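Asks: Chain by chain, the residues run as shown.
Number of protein chains: 4
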Amino acid sequence: MDEGELAQRCRDTMYEADAAVRSLDIAVEVSGPGRAEARMVIRPEMLNGHDVCHGGYLFMLADTAFAYACNACNEVTFAAGAAIEFLRPAKAGDRILAIATERHRGGRTGTYDVTLTNQEGADVALFRGRSYSTRAPLVWQK
Amino acid sequence: MDEGELAQRCRDTMYEADAAVRSLDIAVEVSGPGRAEARMVIRPEMLNGHDVCHGGYLFMLADTAFAYACNACNEVTFAAGAAIEFLRPAKAGDRILAIATERHRGGRTGTYDVTLTNQEGADVALFRGRSYSTRAPLVWQK
Amino acid sequence: MDEGELAQRCRDTMYEADAAVRSLDIAVEVSGPGRAEARMVIRPEMLNGHDVCHGGYLFMLADTAFAYACNACNEVTFAAGAAIEFLRPAKAGDRILAIATERHRGGRTGTYDVTLTNQEGADVALFRGRSYSTRAPLVWQK
Amino acid sequence: MDEGELAQRCRDTMYEADAAVRSLDIAVEVSGPGRAEARMVIRPEMLNGHDVCHGGYLFMLADTAFAYACNACNEVTFAAGAAIEFLRPAKAGDRILAIATERHRGGRTGTYDVTLTNQEGADVALFRGRSYSTRAPLVWQK
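Protein chains in written order, with the numbering used here: chain A, 1 to 142; chain B, 1 to 142; chain C, 1 to 142; chain D, 1 to 142.
Excised from the complex, chain A in its bound form:
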């Protein structure tokens, strides 16, 4: 199995079991080890008391892209922490795209950047996540 196929298998295995992401209709693609995209449409029930998307849902989308990016090398990997900058509000119906890229991986830890943009291509949020690998395999390779 090559690197790209393995990344795809990791994505499929996680997505199958990922109740949180599936219940929000988040679409996830892994384009290779360390790279993933996630897409979500802002629903009315995601709006907060100021009538814009709750920051928690933007974080969730970014965190999802990050999780699939850092698990794509077939090591069960968790988020150790993350920071997010909210640049623009998102509104009901907005289509938000999160693109995650690996900035560094060494030993058990990694750093990933995620950029969130809306349907007009404007930046909505910047996210930086830190991962910690258990080194357990995510899928079995024959």
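Treat each hint with caution, since some may be false.
In this list, chains with the same sequence are indistinguishable; a pair is considered to hold if it fits within one copy or across any two.
Derived lysine to aspartate or glutamate pairs resembling DMTMM-like cross-links, with alpha carbons at most 25 Å apart [claimed, not checked]:
1. LYS91 to ASP123
2. LYS91 to ASP12
3. LYS91 to GLU120
4. LYS91 to GLU16
5. LYS91 to ASP25
6. LYS91 to GLU75
7. LYS91 to GLU45
8. LYS91 to GLU3
9. LYS91 to GLU5
10. LYS91 to ASP2
11. LYS91 to ASP51
Treat the hints as calculated values from the structure; they're not laboratory data.
Note that the structure is predicted; figures quoted are calculated from it, not measured.
Mind docking chains B, C and D on chain A? Use the hints.
Replies: Coordinates of chains B, C and D only, in the frame set by chain A:
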């Protein structure tokens, strides 16, 4: 109206319109300006592909406590950004408590710390949020 | 005065008065509004008790590139906060380059990314800074 | 050797070799495992082009308190990253105190909070650091 009553009015006005928080059955209490608590029970549909609570939902709970804390002074205030450290996984059925306290407020900006604990009192996550005030009133005072 | 000349004037005005940066022999170039580079050689007196460069000096170099980048639009601008990830140790004699780029600017606030690399081109640290503008001019334009 | 004596031995061993901290006349005390204080007086050569203390020196003081706190358990431990919020400027002659406390330690990683205050007791900056332990001993115990 005293400070405590005003904080309560701000909470009620936001909560009434807060579809995101209500749809997740997050309970919110504001104990005064700059202080709020939020409670959430982890549901099966909040679990990710590793069978633990998606970090996005923990962030959401922390962000909610933060939002109610920083809006309790009757200025419409948004999250500019936040950072979270994930210390322990949360599982289905866990009852998570988020306590937000103001660490600093000056000019239009503020810094708030939120600690998340589970039903056993163990720390689940640490969150630090940064707020930006529009200075528009949230509720009308007579 | 065009944008590039103005950015250069801002850099010169700040650098002239910048005791901290000059005392550490940090070289600073501003290539335009929102972009700056800073260079520093790690001295023996910058090493900590583990015999590697104190993280504070790496932060200082990153923060310097950030400061010159966000002041290059002729508004006196301060750092509101920053986060840094330390990826590789730096040693005595290492030549560290910090490149700052603007990721967002809106209203009084901005977000800047800085990457630190060593003389071999390997990443040493990643920094993300948040700025707050006073809107006062830094230099006078005729 | 009890925990407190061991913490003291770790501090002495690091401080002896800590050129960065000694050259800035930073005083460091370790009050036990996971707790340290660092003190620094702002010198004229620490001022930046806006005539206030360069944020890098405030970070350095916070990072120092953090480093001594997380090395006090006799495991060689490095900073993996940190975030700082700048709340108030510091000026020449200000006496800044940094107090570091452990918020969490588990496996190889830890989270530490540092608060910086000036001689009037006002908060100057808030810092949160993340540590990574090599598990090598820092000092030999007989």
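Asks: Each hint needs a verdict: does it hold in this structure or not?
Replies: Here is how each hint holds up against the structure:
{"no.": "1", "hint": "LYS91 to ASP123", "in the structure": "within (14 Å within a copy, 33 Å between copies)"}
{"no.": "2", "hint": "LYS91 to ASP12", "in the structure": "between (30 Å within a copy, 22 Å between copies)"}
{"no.": "3", "hint": "LYS91 to GLU120", "in the structure": "within (13 Å within a copy, 37 Å between copies)"}
{"no.": "4", "hint": "LYS91 to GLU16", "in the structure": "between (29 Å within a copy, 18 Å between copies)"}
{"no.": "5", "hint": "LYS91 to ASP25", "in the structure": "both (17 Å within a copy, 22 Å between copies)"}
{"no.": "6", "hint": "LYS91 to GLU75", "in the structure": "between (36 Å within a copy, 21 Å between copies)"}
{"no.": "7", "hint": "LYS91 to GLU45", "in the structure": "both (11 Å within a copy, 24 Å between copies)"}
{"no.": "8", "hint": "LYS91 to GLU3", "in the structure": "neither (37 Å within a copy, 32 Å between copies)"}
{"no.": "9", "hint": "LYS91 to GLU5", "in the structure": "neither (36 Å within a copy, 31 Å between copies)"}
{"no.": "10", "hint": "LYS91 to ASP2", "in the structure": "neither (40 Å within a copy, 34 Å between copies)"}
{"no.": "11", "hint": "LYS91 to ASP51", "in the structure": "within (8 Å within a copy, 30 Å between copies)"}
Going through the hint list in order, the structure does not satisfy hints 8, 9 and 10.
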